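> Below, each chain spelled out in residue letters.
2 protein chains.
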Amino acid sequence: MNDNSLKEKEILEAARNRFAHYGFSKVTMEEIASDVGMGKASLYYYFPTKEDLFKSVINKEQNLFAEEIEKLVGRKISAENKLKNYVKKRLEFFHELVNLSTLNVNTFVDLKLLFKELFEDFEKKELQLLQRILDEGKMNGEFDSRLRHETTLTFLHLLQGLRLRMIKFIKDNRMERGNYDELRVEMTVFVEIFIKGIKA
Amino acid sequence: MNDNSLKEKEILEAARNRFAHYGFSKVTMEEIASDVGMGKASLYYYFPTKEDLFKSVINKEQNLFAEEIEKLVGRKISAENKLKNYVKKRLEFFHELVNLSTLNVNTFVDLKLLFKELFEDFEKKELQLLQRILDEGKMNGEFDSRLRHETTLTFLHLLQGLRLRMIKFIKDNRMERGNYDELRVEMTVFVEIFIKGIKA
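Line by line, the protein sequences give chains A and B.
Start counting the first sequence at 154; every next residue gets the next number (this note's numbering).
Start counting the second sequence at 154; every next residue gets the next number (this note's numbering).
Errors might be hidden in some of the hints.
Claimed, not checked - Straight line, CA to CA, 25 Å or less: simulated SDA-like cross-link-like pairs of lysine to any residue: (1) B:Lys321 to A:Glu204; (2) B:Lys269 to A:Ile320; (3) B:Lys352 to A:Met340; (4) B:Lys208 to A:Met319; (5) B:Lys241 to A:Leu300; (6) B:Lys269 to A:Asn332.
To be verified - Per the computed footprint, the stretches of chain A lying under chain B, defined by three or more beta-carbons under 8 Å from a beta-carbon of chain B, are: (7) 298-307; (8) 310-323; (9) 333-342.
Derived by calculation from the structure, the hints in this document are not laboratory data.
Only a predicted model underlies this, so the values are computations on that prediction, with no experimental measurement involved.
Cβ coordinates follow ideal geometry from the N, Cα and C atoms, glycine included.
If we strip away everything but chain A, and leave its shape as in the complex, we get (with noise of 0.2 Å):
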C-alpha cells in the first residue's frame, strides 16, 4: 500500500466511525478530516464531496460483505446451509449499513439517487453468488434441476422486499431492535420454506 492509499484507508475509517455515531447529515468534513490529522482542503483531495466520501464508506462495507460470502461460497458445506448463512450474513450486514446512514431520516431521501447506483451495482454480485449457490445445490442434486431461471432473481427480491417493506411500516422510518427481531424471524421462516420448496 502506497502513501496515498493507506491515508485513505484512514480517512474511510475515521468517516465510518462519525457516520455510525451521528448520521450522514449531522458530519463534517472539518471533523473527519481532524480525526485523521490533516486539514479540510488535503481531505478534499481524496474525497472532493462529502457525498463522494460517504459514497465510498458504503461500498467499502458492500466489497467487505461481498468478500465475505465468497468465502462462503468457497466452504465445504452443503448449498443448502450456504443460502441459510448467506441470509443470516446479509441481515446482519445490513443492520450495521442502517446504523451508517439512517440516522437521520432525510438523508436517506437525500441520497436515494447515490444510493440507488451503489445498490444496482451490489445486487449484480449478489446475484452472481446467489446464483453460484443455486447452481452448486442443483450440481449436487440437493436443488430440483428444473428450477425456473427466475429463481434467483425472486429470491433476492423476496429477501429485498421483507426488508423494505418492513422499513416502509414503522416509524420515521428507524429500525429498532424489535424490528430486527422480528425481522430475522421472517427471514427464518421464510428460508426454511424455500429451500424445502427449491430441493431435488
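Using the hints provided, position chain B relative to the given structure of chain A.
Chain B in isolation, oriented as in the chain A frame:
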C-alpha cells in the same frame, strides 16, 4: 338502500372514475359534485374533505377485494389452488388500485398516513383470510401441520415486500405494464416454491 346511501354510492363511483383518470391531486370536489348533479356544499355534507372521499373509495375497493377472496376461500378447490388464486387476484387488485392513487407521485407521500391506516385494517383482513386457507390445507393434509405460526404473516409480508420493492426501484414509482409482467413472474415463481415448501 335509503336515499342517502344511494347518493353516497353514486358519489363513490363518480369519484373512483375521476381519480382513476386524473389522479387524486388533479381532481376537485366541484368536478365530482357536478358529475353526480349536486352542489359542492351538498357533497361536503357526505364527505367533509377530498381525503375522506378518497379514503372511502379505497376502502370500498378493499372491501370488494376481501369479498372476492371470501368467495374464493369458500370454494371447493384445494387449499393450494386457493393460495395461487389469491396471489393472482391480489396482484390484479393492486394493479387497479395503483391507477386510482399514484398518477401523481406526491400524492402518495401526502396520503401516506391516510394509507397507513387503511392498509393496517386491510392487512388484518388479509391475514384472517390467508390463515383460513393455510389452516384448511393443514386440516385436509395438503400442508405440513407443523408449520410455524409466523408462516401466514411472513407469506403476506413477502407478497407486500415484492411489490413495494419494485415500486421503490422504478422510475417515479410508477408501475408500467412491463413492471407488472415482471412482478407477475416473480409472484408465480415465489408461490410455486412456497407451496412446495409448505406441503405435507
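> Provide an ascending list of the numbers of those earlier hints which the structure does not satisfy.
none
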